[in-house]
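J.: Here's the letter readout for the chains.
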Amino acid sequence: MPAGAIECGVVTRPGLVSEALRSLLNSMEVSSHRVAIGVSGDAVSQRTITVPPAPDEDLASIVRGEVEDHQLVKTAFGAYAYIRLSSECQPAMSHTWTQDNEIWIDSRTSKFKQDLVTVFAIEQETISAIRDAIEGAGLTVEIIEPTQYAMYRSIQLATGLNGTFFGVMVGPSNTDIAVVCKGQLVAYRRIDTGSRAITGDYAPTSEYSYAGIRMSAYADEPHEVVNPDSRLNSLSLEEFSTEVHRTIYYYQREYPDLSQCEQVVLAVDDSRLENLASELSSRLGLTVERARPFGTSLDNPVDQSPFASRAEVVCSAAYGLAMDGIQISKVPRIDLFTEERNAVQNVESKRNFKGSIIVSLLAAAIGIAGVSLYSGQIAQLQSEVKQISTEATQIRSQIDLAVQSRQQQADQYKAFRKRGLPITQILDSIADSVGPGAGLTSVNVSPDRTVVITGEADTETSMLSMMNALNSCPLLQNVKIDWFKQMPQEKAPGITFEFRGTTVTSAQVIMPGEQAQ
Amino acid sequence: MTFDKLRLLGWLIPVICLGTSGWLIYSKNTELRSISDVRNKARIDVQQAIEQKRKIESMHSDARYATVDVTADEEYTFIAYLKTAAASCGVLITDLSSQTTDAGTDPGAKDGKPDPLLKGIEGRNTLITMRGSYTGLREMVWTLESSIRLLALSNLTWARTDHGTSVTVNVTRFVSPKKKSSS
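Taken in order, these protein sequences are the chains called X and A. Using this note's numbering, the letters of the first sequence correspond one by one to residues 1 to 517. Using this note's numbering, the letters of the second sequence correspond one by one to residues 518 to 700.
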């Protein structure tokens, strides 16, 4: 990691961290984009508080109130997470040691049982810097956990799921001690001596404030090295071992189930603390062993190689973070990124919701516009259809009237046709009947179809011949002689005559144009 | 409002809006297509009706008819027709007299009741006396008899005299008092 990218456990230059992470992951050919982040105790405050017994669903609101009351989160958007300590191992006397006020609270006379909750708090600037660095490297934050808590998970996985032990997790500036009884975490406290002080490489030179937290800055020169072989600071080591001893002694005394527990498991974050276990063992008079997660993991075979031995000295935190998702672990998750993640998701969700509303409005507008346009066209078409239908009805009505009129005309023509007589045909028939020696004087056709023909003939034979001819005419019927007489002597010799017959109406004669009627 | 509800609403509201809009537009489009089909069918019906009307009007256009609507110049038109026909046939109309009768009853009907078909129709009788050659007179009679408007000829008197041939004939034309709906 480039110098100055991370100072006192806080990401100060996210861009450098992103670049370094990207280069590292590329060189390792890591394909996963989900990362679990450990934050050292410098940046994470921790406190165990007492709360009234409450179900898990109510505990969150109680803890929120306690966090606000104790001002564990100092900045506006800081985050916190908590774990409920197990009450499976009951103390002999109802003493409770909390760090609320760093005093012993004698609850022997208390009428109510109290639950213990350990709260981890982190400031918003720290989380944002981590998120910027991780997302800048193209990764996704899966979880942000205190580094020492991840070490505790590593210790428990290495020790066994139902073990009883004292876990000592050494961080840069402080050390967390987990008291585990039958696999259950019953106490969790912090002492203010860490690897920096124990190794003595760095001595506190000044204090400064970052994000509202008081931080210590360390010089590069070794402060005081008493034991050159182990390169550990004897004063700090003494202070450290005293605090650890006090803690162990207290819990051994107060918890009957822990009175016989002499197993102390150590997890460190600095390779120079490789011999801390033996130093601590000699000072405490107890068996202190270093956590060996790689050697006892359920998923990995025993690896006693020097590399594994050196790696497990400093990788217990990383291992604990990596084992976060394993279901067999009884160590609950402490996710300090929940609030930030929820906040980001909330912002994204609101932004997406706004987008959805805009899309909905656009869809509604398109729908309304479409319906309006279609309705206009439909109304226009309906009007057109109505107009066309009316026109069609009128035309069909006209057709019906025309047909009716035609029929009426035809019927009237047929009726009136009977009232006329075929005069031309009658005249032609009569003229055709006039033979040699005969002639016509007059023809009279009366309305009752009586035909009277008068004429002259040389002889009676000619007259009779003409009468026969008239009778053979289809338009004349029953042509008979009314009279005939000899003409006077002073005129030419001959006879005059008059025929009478009947004729037919025009209805029995086909006239031009009638074929189509 | 929780995140899940917001997310659910974020999906649900646009889906409902899009679905509703799509359904409305689809239904309107379907309605428009349906009405468009009705319009096209109506247009075809109108075209068919117009064609049918045209055929009916063109059919029997040269058919003879019996009656004409009564008009003020009906008699004038008839007399003019007679004069034109006589001139073309070379005959001279020497006498003409008119008489109007009710033509609604068929003279041949036994019950003497008016025929509903002929109700209100007037028979306008004109007795015409013409003089000319036989051929001209025959042509004149044939012209009257074969006129596209039915003219009923009756009561013919044909006589040959020393001055020529004369024909007297009664011409009956029929006039309808009601207006004809179609020509």
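Check each hint, because a few of them may be wrong.
Stated by the list, open to error - Okay, derived cross-link-like pairs now, SDA-like style, lysine to any residue, Cα gap no bigger than 25 Å in a straight line: (1) A/K572 / X/Y413; (2) X/K182 / X/T50; (3) A/K572 / X/R406; (4) A/K545 / X/A364.
Claimed, not checked - The following residues of chain A were derived to be distant from chain X, with all beta-carbon distances above 10 Å: (5) I567; (6) T588; (7) A589; (8) D590; (9) T594; (10) A597; (11) L599; (12) A604; (13) S605; (14) D619; (15) S650; (16) G653; (17) W659; (18) S671; (19) W675.
What the hints contain is simulated information worked out from the structure, not anything from laboratory work. Don't be surprised by glycine CBs; every beta carbon is placed ideally from N, CA and C.
J.: So, for every hint listed, does it hold in this structure?
T.: Hint by hint, here is what the structure shows:
Pair hint A/K572 plus X/Y413 holds up; C-alpha atoms about 22 Å apart against a cutoff of 25 Å. Restraint check for X/K182 and X/T50: the C-alpha separation of about 22 Å stays at or below 25 Å, so the hint holds. Simply put, A/K572 and X/R406 have alpha-carbon atoms about 13 Å apart, close enough for the 25 Å limit, and the pair holds. Taking the CA atoms of A/K545 and X/A364, the gap is about 15 Å. The hint holds against a cut of 25 Å.
Its closest Cβ contact with chain X, about 6 Å, brings A/I567 to no more than 10 Å, contrary to its assignment away from the interface. Look at A/T588: its CB is around 17 Å from the nearest CB on chain X, clear of 10 Å, so calling it non-interface holds up. With 10 Å as the threshold on Cβ separation, the claim that A/A589 sits away from chain X holds: the shortest Cβ distance comes to roughly 22 Å. The Cβ of A/D590 sits about 21 Å from the closest Cβ of chain X, beyond the 10 Å cut-off, so the non-interface label holds.
No beta-carbon of chain X is positioned within 10 Å of the beta-carbon of A/T594; the least distance is around 19 Å. Interface exclusion of A/A597 from chain X stands, the closest Cβ pair being 21 Å apart, more than 10 Å. The claim that A/L599 is not at the interface with chain X holds, since no C-beta of that chain comes within 10 Å of its own (minimum 15 Å). Once the 10 Å rule is applied to beta carbons, A/A604 is consistent with being away from chain X; the minimum gap is 19 Å.
With a cut of 10 Å on Cβ distances, A/S605 stays outside the contact zone with chain X, its closest approach being about 16 Å. Non-interface status of A/D619 relative to chain X is upheld: no Cβ of that chain comes within 10 Å, the nearest being about 13 Å off. The Cβ of A/S650 sits about 13 Å from the closest Cβ of chain X, beyond the 10 Å cut-off, so the non-interface label holds. No beta-carbon of chain X is positioned within 10 Å of the beta-carbon of A/G653; the least distance is around 13 Å.
Listed as a non-interface residue, A/W659 fails to keep its Cβ farther than 10 Å from every Cβ of chain X; the least gap is roughly 4 Å. At roughly 5 Å, the least C-beta separation between A/S671 and chain X is not larger than 10 Å, which violates its mark as non-interface. Interface exclusion of A/W675 from chain X breaks down, the closest Cβ pair being 4 Å apart, not more than 10 Å.
Checked against the numbered hints above, the structure violates hints 5, 17, 18 and 19; every other hint is satisfied.
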